[in-house]
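Colleague: Sequence:
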Amino acid sequence: MRCQVSFDIKRLQNFRKSIQLEDNELERSFKELDDLLSWRAARVNKVIAQTSIKIAYENKRDSSAMKTLAVLALVFLPGTFVATLHSSPFFDFKPLALGAIVSPQFWIYWAISIPLTIIVTIIWLL
Numbered sequence: 010m011r012c013q014v015s016f017d018i019k020r021l022q023n024f025r026k027s028i029q030l031e032d033n034e035l036e037r038s039f040k041e042l043d044d045l046l047s048w049r050a051a052r053v054n055k056v057i058a059q060t061s062i063k064i065a066y067e068n069k070r071d072s073s074a075m076k077t078l079a080v081l082a083l084v085f086l087p088g089t090f091v092a093t094l095h096s097s098p099f100f101d102f103k104p105l106a107l108g109a110i111v112s113p114q115f116w117i118y119w120a121i122s123i124p125l126t127i128i129v130t131i132i133w134l135l
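If you read the sequence shown in my numbering, its first letter stands for residue 10, the second for the next number, and so on.
Treat the hints with care, as some may be off.
What follows is a set of in silico ranges between Cβ atoms, one per label pair, in the way DEER data are often shown [unchecked claim]:
| # | residue 1 | residue 2 | range |
| --- | --- | --- | --- |
| 1 | Ser-47 | Ile-128 | 53 to 61 Å |
| 2 | Ser-112 | Leu-81 | 25 to 33 Å |
| 3 | Glu-67 | Asp-44 | 29 to 37 Å |
| 4 | Gln-114 | Leu-135 | 28 to 36 Å |
| 5 | Leu-46 | Phe-16 | 39 to 47 Å |
| 6 | Trp-119 | Ile-62 | 43 to 51 Å |
| 7 | Ile-62 | Ile-110 | 49 to 57 Å |
Okay, derived cross-link-like pairs now, DSS-like style, lysine-lysine, Cα gap no bigger than 25 Å in a straight line [claimed, not checked]:
| # | residue 1 | residue 2 |
| --- | --- | --- |
| 8 | Lys-26 | Lys-40 |
| 9 | Lys-40 | Lys-55 |
| 10 | Lys-69 | Lys-55 |
| 11 | Lys-63 | Lys-76 |
Please keep in mind that the hints were generated in silico from the structure rather than gathered at the bench.
The beta carbon of each residue, even a glycine, is placed where N, CA and C say it ideally should be.
Full structure from sequences and hints, please.
Modeller: Set out below in structure tokens:
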């Protein structure tokens with residue numbers, strides 16, 4: 010009987026060692042899996058960062074184009090407003106016109122448009 014108990018104890022000790030070895034193997038496998046996932050996440054983050062840089066560059070280009078359009082509108086809009094407000098023809102395009110094509114009141118357009126454009130530009134710069 011004593012021999013049987015000794016055998017069972019030995020068998021249990023071997024079983025405990027086997028379980029510890031399996032546990033160590035599982036920990037190693039989990040560590041490798043975690044490293045692999047971290048590596049893949051780093052690759053994905055790198056691609057996302059590169060894409061974000063491209064998007065930022067494109068946004069900067071679009072912003073520059075929009076600023077150019079805003080400046081053009083800033084320059085031409087006051088004059089257009091003044092011409093529309095007066096609604097009077099400053100030019101005479103009749104083919105039989107013998108005299109000047111430009112109306113004598115054409116200076117009023119420039120007298121109002123230039124200061125108005127300057128004022129709008131100053132306000133925009135502030």
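Colleague: Could you run down the list of hints and mark each one as holding or not?
Modeller: Evaluation of the provided hints:
1. Ser-47 with Ile-128: 53 to 61 Å: Check passed, 60 Å falls within 53 to 61 Å.
2. Ser-112 with Leu-81: 25 to 33 Å: holds (27 Å)
3. Glu-67 with Asp-44: 29 to 37 Å: With Cβ atoms ~35 Å apart, the hint holds.
4. Gln-114 with Leu-135: 28 to 36 Å: holds (33 Å)
5. Leu-46 with Phe-16: 39 to 47 Å: Between Leu-46 and Phe-16, where Cβ atoms are some 45 Å apart, the hint holds.
6. Trp-119 with Ile-62: 43 to 51 Å: holds (48 Å)
7. Ile-62 with Ile-110: 49 to 57 Å: holds (56 Å)
8. Lys-26 with Lys-40: Holds, because 21 Å separates the two Cα atoms, which is no more than 25 Å.
9. Lys-40 with Lys-55: Within the cut-off at roughly 22 Å; holds.
10. Lys-69 with Lys-55: holds (21 Å)
11. Lys-63 with Lys-76: holds (20 Å)
Hint compliance for this structure: every hint is met.
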